[in-house]
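Trainee: Residue-level listing of the chains:
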Amino acid sequence: MSDAEPRLKALMLAALDGDAAAYRELLRALALHLRAYFARRLGPAEAEDLVQETLIAIHSRRASYDRTLPFTAWLHAVARYKLIDHLRRARLRRTLPLEEAESVTAGESEESTTATRDVERLLAALPENKRRLVRQVRIEGLSVAEAAARSGLSESAVKVGVHRALKTLSAMIGKSS
Amino acid sequence: MRTDALIESLSALAEPVPRAMVWRRLALGAGAGGAVSLGLMLAWLGVRPDLAQAMATGAYWMKFFYTLVFAGAAFWTLERLSRPGAPSRSQMLLEALPFAAVAAIAAVELMGAAPSARHHLMMGASAGVCPWRIVLLALPVLAGAIWSVGRLAPTRPVLAGIGAGLAAGALGAFIYAFHCDESAAPFVAIWYTLGIAAVGALGGLLGRLFLRW
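These protein sequence lines map, in sequence, to chains A and B. Residue numbers for the first sequence, in the working numbering: 1169 to 1345. Residue numbers for the second sequence, in the working numbering: 24 to 236.
Just so you know, the hints here were simulated from the structure itself, not pulled from any lab data. This one's a predicted model, so the numbers in the text were calculated from it and none came from an experiment. Each residue gets a CB set at the ideal place from its N, CA and C atoms; glycine is no exception. Fair warning: there could be bad hints in the mix.
Here are a few chain A residues that face chain B, going by a calculated C-beta distance under 7 Å [to be verified]:
#: 1; residue: A1241
#: 2; residue: L1260
#: 3; residue: V1312
Only some residues are given here: those of chain B computed to face chain A with a beta carbon under 7 Å [as the list claims (entries may be wrong)]:
#: 4; residue: T26
#: 5; residue: L33
#: 6; residue: P39
#: 7; residue: P107
#: 8; residue: D204
If you anchor each label on the Cβ, the simulated ranges turn out as follows [unchecked claim]:
#: 9; chain 1: A; residue 1: G1211; chain 2: B; residue 2: F233; range: 25 to 35 Å
#: 10; chain 1: B; residue 1: A66; chain 2: A; residue 2: I1252; range: 21 to 31 Å
#: 11; chain 1: A; residue 1: E1173; chain 2: B; residue 2: F233; range: 31 to 41 Å
#: 12; chain 1: A; residue 1: R1289; chain 2: B; residue 2: D27; range: 15 to 25 Å
#: 13; chain 1: A; residue 1: R1289; chain 2: B; residue 2: V59; range: 34 to 44 Å
#: 14; chain 1: B; residue 1: H143; chain 2: A; residue 2: I1224; range: 51 to 61 Å
#: 15; chain 1: A; residue 1: R1289; chain 2: B; residue 2: R179; range: 23 to 33 Å
#: 16; chain 1: B; residue 1: D27; chain 2: A; residue 2: K1327; range: 52 to 62 Å
#: 17; chain 1: A; residue 1: I1224; chain 2: B; residue 2: A119; range: 30 to 40 Å
#: 18; chain 1: A; residue 1: R1262; chain 2: B; residue 2: A224; range: 53 to 63 Å
Produce the entire structure from the sequences given, and follow the hints as far as they go.
Mentor: Structure follows, in structure tokens:
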């Protein structure tokens, strides 16, 4: 976020003086930053709600920004506070279950939902053609021959492509853990 | 996408924000609370009858400046704690200075006094009621300060609550000093500080409960 400091700060100062166009541009830029920040920690679906909540907080608390200080420091502190607050509430919800017994058995599927989301997030980092191959061969269960027929590649090209893509993925997992 | 719609509606609300907004809000909360405390002190305890003579003594001004400088530094710290990402360490150090000064004066007074007089320098005649009265007089200020800070953006709720408590405690002690006729520095260093610290602890609790946004 620090590269963005001069631009974001200029927009914020204009917004605080009542410039609606600058404010719209600022909020759009912040939505992108926040989406990346929260999605890295929560997953895309959960992140979007928090992006909106944080944008509302940024709006209603914008008077608390000290114009002599870096804007990104303010932004980061607000985003971090909102994330911690969200995690705290999520933990409270988890320790105080209001649902009936079936929600206990629903735990497994929730876990697999999370796993699916993790896989999708990793796949999204691959180039389009490799992502399609991995999905067909490793997730949908197509044979190498079928995948080759669909994509118009040779069977060995499919094998090599999947192999390389999995190697890239495992390197990414190693980096993030 | 809903986020885009949200951005559209928020950017339509871009009215100018005054620069002094944070201070204005703190002044409103502390001012309203302080006015109630002052009224409470006048109605319940009354100003010490010998105020005019006392103002000619150093002891009076020691109490006056201890509580006033403490309150000033504490409100400045509170202002920092109400702003996300704003550094507050130097304001906290500044807040410790008046206490360090009064503690030093108290140490000098105690060392220079006859051993038999030391007990009275520390306990005075009102040690049992002084901290409690400071807490009571600080409560309206604390309510006002928590109200103000809750409308700003404290990212560390407990710390901001303690900050509000210390600021309210110091202002409550400043108001109490118009009634209190104790003049020994050891008394002020112990019992005034204890009262202020108790309000600080109470503020931390309130911060944990109420300073969420």
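Trainee: If a hint holds in the structure, say so; if it doesn't, say that too.
Mentor: So, going through the hints one by one against the coordinates:
no. : hint                         : result
1   : A1241                        : 4 Å, holds
2   : L1260                        : 12 Å, violated
3   : V1312                        : 39 Å, violated
4   : T26                          : 6 Å, holds
5   : L33                          : 5 Å, holds
6   : P39                          : 4 Å, holds
7   : P107                         : 3 Å, holds
8   : D204                         : 42 Å, violated
9   : A:G1211 - B:F233: 25 to 35 Å : 31 Å, holds
10  : B:A66 - A:I1252: 21 to 31 Å  : 44 Å, violated
11  : A:E1173 - B:F233: 31 to 41 Å : 33 Å, holds
12  : A:R1289 - B:D27: 15 to 25 Å  : 23 Å, holds
13  : A:R1289 - B:V59: 34 to 44 Å  : 55 Å, violated
14  : B:H143 - A:I1224: 51 to 61 Å : 59 Å, holds
15  : A:R1289 - B:R179: 23 to 33 Å : 31 Å, holds
16  : B:D27 - A:K1327: 52 to 62 Å  : 43 Å, violated
17  : A:I1224 - B:A119: 30 to 40 Å : 37 Å, holds
18  : A:R1262 - B:A224: 53 to 63 Å : 31 Å, violated
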